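Given these sequences and hints, build the entire structure.
If you want the building blocks of each chain, they are given just below.
4 protein chains.
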Amino acid sequence: MDFASDNVYGVDAAIMEAMARANTGTAASYAGDEITARVEKQFNEVFEREVKVFLLTTGTAANCLALSTMVPPYGAIFCHGFAHISADECGAPEFFTGGAKLMGLDGVAGKITPKMVKDSLAGFIRAEHDPKPAAISITQSSELGTVYSLDEVQAFGELARAKNLRLHMDGARFANALVSLDCSPAEMTWQAGVDALSFGATKNGAMMVEAVVFFDDKLAVDFEHRRMRAGQLLSKNRFLAAQMEAYLSNDLWLNNARHANEMAARLAGGLSAASDIRLGVDCQANEVFAIMPRATHDVLAKSDAVFHPWLASGSDTDTVGNDEIMIRLVTSFQTTRDDVDAFVNLVG
Amino acid sequence: MDFASDNVYGVDAAIMEAMARANTGTAASYAGDEITARVEKQFNEVFEREVKVFLLTTGTAANCLALSTMVPPYGAIFCHGFAHISADECGAPEFFTGGAKLMGLDGVAGKITPKMVKDSLAGFIRAEHDPKPAAISITQSSELGTVYSLDEVQAFGELARAKNLRLHMDGARFANALVSLDCSPAEMTWQAGVDALSFGATKNGAMMVEAVVFFDDKLAVDFEHRRMRAGQLLSKNRFLAAQMEAYLSNDLWLNNARHANEMAARLAGGLSAASDIRLGVDCQANEVFAIMPRATHDVLAKSDAVFHPWLASGSDTDTVGNDEIMIRLVTSFQTTRDDVDAFVNLVG
Amino acid sequence: MDFASDNVYGVDAAIMEAMARANTGTAASYAGDEITARVEKQFNEVFEREVKVFLLTTGTAANCLALSTMVPPYGAIFCHGFAHISADECGAPEFFTGGAKLMGLDGVAGKITPKMVKDSLAGFIRAEHDPKPAAISITQSSELGTVYSLDEVQAFGELARAKNLRLHMDGARFANALVSLDCSPAEMTWQAGVDALSFGATKNGAMMVEAVVFFDDKLAVDFEHRRMRAGQLLSKNRFLAAQMEAYLSNDLWLNNARHANEMAARLAGGLSAASDIRLGVDCQANEVFAIMPRATHDVLAKSDAVFHPWLASGSDTDTVGNDEIMIRLVTSFQTTRDDVDAFVNLVG
Amino acid sequence: MDFASDNVYGVDAAIMEAMARANTGTAASYAGDEITARVEKQFNEVFEREVKVFLLTTGTAANCLALSTMVPPYGAIFCHGFAHISADECGAPEFFTGGAKLMGLDGVAGKITPKMVKDSLAGFIRAEHDPKPAAISITQSSELGTVYSLDEVQAFGELARAKNLRLHMDGARFANALVSLDCSPAEMTWQAGVDALSFGATKNGAMMVEAVVFFDDKLAVDFEHRRMRAGQLLSKNRFLAAQMEAYLSNDLWLNNARHANEMAARLAGGLSAASDIRLGVDCQANEVFAIMPRATHDVLAKSDAVFHPWLASGSDTDTVGNDEIMIRLVTSFQTTRDDVDAFVNLVG
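Protein chains in written order, with the working numbering: chain Z, 1 to 348; chain F, 1001 to 1348; chain P, 2001 to 2348; chain R, 3001 to 3348.
Among the hints, erroneous ones may be present.
Stated by the list, open to error - If you want the ones that stay clear, here's a sample from chain R, every Cβ over 10 Å from chain F, calculated:
1) V3108
2) L3150
3) L3159
4) S3184
5) G3269
6) G3270
7) T3336
8) A3342
To be verified - Covered stretches of chain F (in silico footprint by chain P; criterion: 3 or more residues with CB under 8 Å from a CB of chain P, positions within the stretch not fixed):
9) 1067-1080
10) 1129-1136
11) 1139-1152
Derived from the structure by calculation, the hints contain no laboratory data.
Since this is a predicted model, take the numbers as computed values, not measurements.
Glycine included, C-beta positions come from ideal geometry on N, C-alpha and C.
Okay, structure coming up:
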């Protein structure tokens, strides 16, 4: 029973097979291969329009290279204070953008609102003494496993256009959000005003492949140079492409995400049924945040289940009492119903 | 017949199998897994001492993250003007070091000499108006497929110590150089004064894995932070480690390199035997640079063989006449004797 | 009546004269002149020990070049969220440090506490996913005109040593704090654990000269290179040095600061006497923050007095009611008693 | 007799007086003052069109902030290998641009040619493995005191437009070149295709003021932010503006430059008349490079004259024999005819 993260799981068999299949003969290096070309077309189909797409190995690289096209070195990026870019990437956004400033906002349930961005913008009254407002970044699904509705994304798109900002979506768990909303990739992104997307695959069954997808060609100008000088262009790129091709084929990505979300819902339901456990935030994708008495936590901690305690921060979650602990449980494409039920039984 | 580069080839079967084997169960993410721990020990054995080793996905990342620990942002790095870091990485060294300056030297046959570094150092007479001399980087084997002898590496080590510089070795083709010299990894690196090594595996049979190896612990301090903020820490790191573990097991790396070198020697010998072809530089590892009349080149270009013309630059190679063309031919662990012979026959 | 800032005033006559005196004959450029050498000795005397000192033209350059020696690009700096480095320098710290992260803390009255730093440090539990804690920066006197006591500075010094952090002091208004505490420069800095100081002179009577003072020689290594490549080394440096020499001579700097502080105290006292005005924070140096009804503010705004409204932020100041406005009033070495009294009379 | 550099001299009396005059009353800080506004208009007049102009304290800051608007972090800048930006600024261009690469070309007499740039461009055949060609920078007058003719500048302007590059002019000694060519500022810059100019004043009589002048408004967008975050925006900016206003008034800048050039011509003529001395390059502005036997040099070195030997580099100057030394002599607005004649007499 491993609920530590969705990235502790391995690689989907279909993706493993695709990589093996790609291992024949020679192929042009540095993304000049045919599989890469096919993947580019797949993305056009997925998003129902022409997009510019680039494959990378990590979500941090995807986020930060995407942002580097959207903000100048003296720019400001509005995001949740506990967004991955703000709290988990060791200053990578600052590195890749040449020094841009993250304005970390304190939003409920891992989500920020246009009003928060507007309030923060209202403080930019000192001309060049302030950085220049340049982009908004939202995470879909969020670090707390919550999902922005289409209306909410759309509202950010409108704000971005009104304020001449760019809108970035960190989609490390894009598929989980998509099946949660049951909408199309187009609806959740460019149709709602998203300019660039970090499209995750690793957490949902791939080995190591993420994509940056641009919906505005201007942002994609010279991206090849940015990727290269960041040490992110693989010589044997066909093995990134093979992962992504399989991921996007036969609805693998959607099925995997659906399964993970179902397991999370089952887990959330099971835990909530316990009299002494409540959810810190709603479960909308593949993460469960459960608040429980320390005594209950200790029972779980003594089991062979793997999970992490989670520090409540700001106004993000329901209040965690002094004698309580909040834990995070993440489900994946490989999480089994048996594991979920076994875990729930520990507190039943 | 593909001689375009060693990176157009795929992945060694043993490495592919190791990756598949690694795909069972869950594993701690972000390099906390057991395979990574085992690989760290392997490197200690390979180098006959404790080293600090970090796995990355590209040679550019390995080179530039290594250099970022060796030079300040206002530092100078002495290297060949056509070293990969100087000519092929789109300014990645400048990006990763925060702006250090590469002093590109014009050396014969892809190699620089201590004298060239000393001559360049002699121009650093303007105190803080010059960048601060900080590191030397040599490529083993070089971009022209030549190899520094142990004495030559040692001479750089002595110069580095005398001038308070750090010595970096770009070993994208480390194994090819090693079997060429028939020495130990220790002899070719730390025993000769190398402080940090970019240890390549991708070109020699891996899918996408390189390592930075530090022989001075001080340089390794905080390297985890550097790797993370460069977007180079993989969540499912076990799949990098699995590649490297297989690569270093059962002499796979040495056997692969030996084969590639043998194919290059065979190719060099065969081509040299043609009356109108001569080598631009000696063939000492797995690259052949052949100068030939345009007419001969055209015959080759019309075949199904893949290769690239190579611009002579500086004083690097033998002079290429106006009616001549120099081509580069790279052999790999998968290059076959048949392919070599078929190519030679084209000009026979 | 100009209370907009201490930097709207001109240059002290004694400093102007010193600059004119320096304008004779030729002098070695780039800080090789004799006046610069004399200033270096002056600083040793001021701080009662050997220090390393470098002259610069702006406080932003002083702060950020100092910090660049104290933190790695992947480091974290703890400071007040409204410290100048965090809120007024357009990302200069990120630029000069190569991307370090400012952890803006919400402290009362412009000051942070060791406890706040410790609480923030407690969140650094994710190893390399977090930036590396590297430095604390405190502002003396603070952006709200308050002053850290010697005990308070000492407590930061102890925390810094205990946690292996560096301690930086932004002393843009160093002299104002010094005369407020009536202590020695040594006591307020290195004796209390400060590693590097931005020593301001411009706001207190100079034209454009600030200094970085290092109390740890290690931090000063290569600082000449840092200053040069930041475009901060003046060819005719003697004219910076002449300003500083005069500033530090005949107690000019202390007398000027004392005057400014006295004017602020007089202003604070006069305003507080008005029944509808109260101070947002205590007046301890040369800044007054006064909260008043909008109607009262409008009377002042219609006068020829120049001043700025100030947004209350976080828990920094006393609460500003909906019908109230807080204004900032800054006094300088040239502020006259008449101006203060005239301003007070406007609300009398 | 000080010929070490034009920056060893002090400040023109008219500029000193202007600074003293500016020291009355209060003025809006951070370039919001009236003198700054007047200077902006002066520049429009000088260049016979609307320009965007920003005042800075050093030539390095002017060059590098200008370049930061013209090239992306992954860009390449073509310049002379011994241009100030390449050889004398300790990596400042790399710092300010976020890592752009200088392609140092080896041109005769301190000047490069469009052909050299084209030849270098011809090597950019590796797509994103190369940096992106972005700008050309020429120095007027050059580090060897030579001057590009209007036709030569125009040829660079045409090349820049044809290749989609930006053209930067380092005019640290702009006035010296201008009076040498006897043309208008407009002719020497935007009419010939220059996009941005570093306009020097310090070497020619100011204390510490340089300007960046943009002839393309697009480049000036957000320049206030760039200047601020580089620590280059002075709070008491009126004292920079006062220098520049006086410099541009009453033809002071032209008269000063004319004098310096005349002194250099006199010096060059006098030295050339000696049988054992010849010029390393033509004297076209205010610098003289004289090659002489070591014995002659020793006579000069024993006098009280101050000057520097100059290393011949690349193909820049006439060949310096083994028994010879080349020295650099720089004249300024304050160099006297007596000093020149006395120096010449030393070798007479």
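Hints, verified against the model:
1. No Cβ of chain F comes within 10 Å of the Cβ of R:V3108; the nearest lies about 19 Å off, and the non-interface call holds.
2. At the 10 Å boundary, the C-beta of R:L3150 stays outside the reach of chain F, the nearest C-beta of that chain being 31 Å off.
3. A cut-off of 10 Å between C-beta atoms confirms that R:L3159 is not in contact with chain F; the least separation is 22 Å.
4. At roughly 33 Å from the closest C-beta of chain F, the C-beta of R:S3184 stays outside 10 Å, upholding its exclusion from the interface.
5. Distance check for R:G3269 against chain F: the nearest CB is about 30 Å away, which clears 10 Å, and the non-interface claim stands.
6. In this structure R:G3270 is separated from chain F by more than 10 Å, as the shortest Cβ-Cβ distance comes to about 28 Å.
7. Interface exclusion of R:T3336 from chain F stands, the closest Cβ pair being 28 Å apart, more than 10 Å.
8. Its beta-carbon lying about 28 Å from the closest one in chain F, R:A3342 satisfies the requirement of being farther than 10 Å from that chain.
9. With a cut-off of 8 Å between beta carbons, the region 1067-1080 of chain F has 3 residues touching chain P; three or more are needed, and the interface restraint holds.
10. Evaluation of the coverage hint for the region 1129-1136 of chain F: fulfilled, as 3 residues show C-beta separations to chain P shorter than 8 Å, against a requirement of three.
11. For the region 1139-1152 of chain F, the stated coverage by chain P is violated: 0 residues have a C-beta nearer than 8 Å to a C-beta of that chain, whereas at least 3 were required.
Violated hint for the displayed structure: number 11, the only one.
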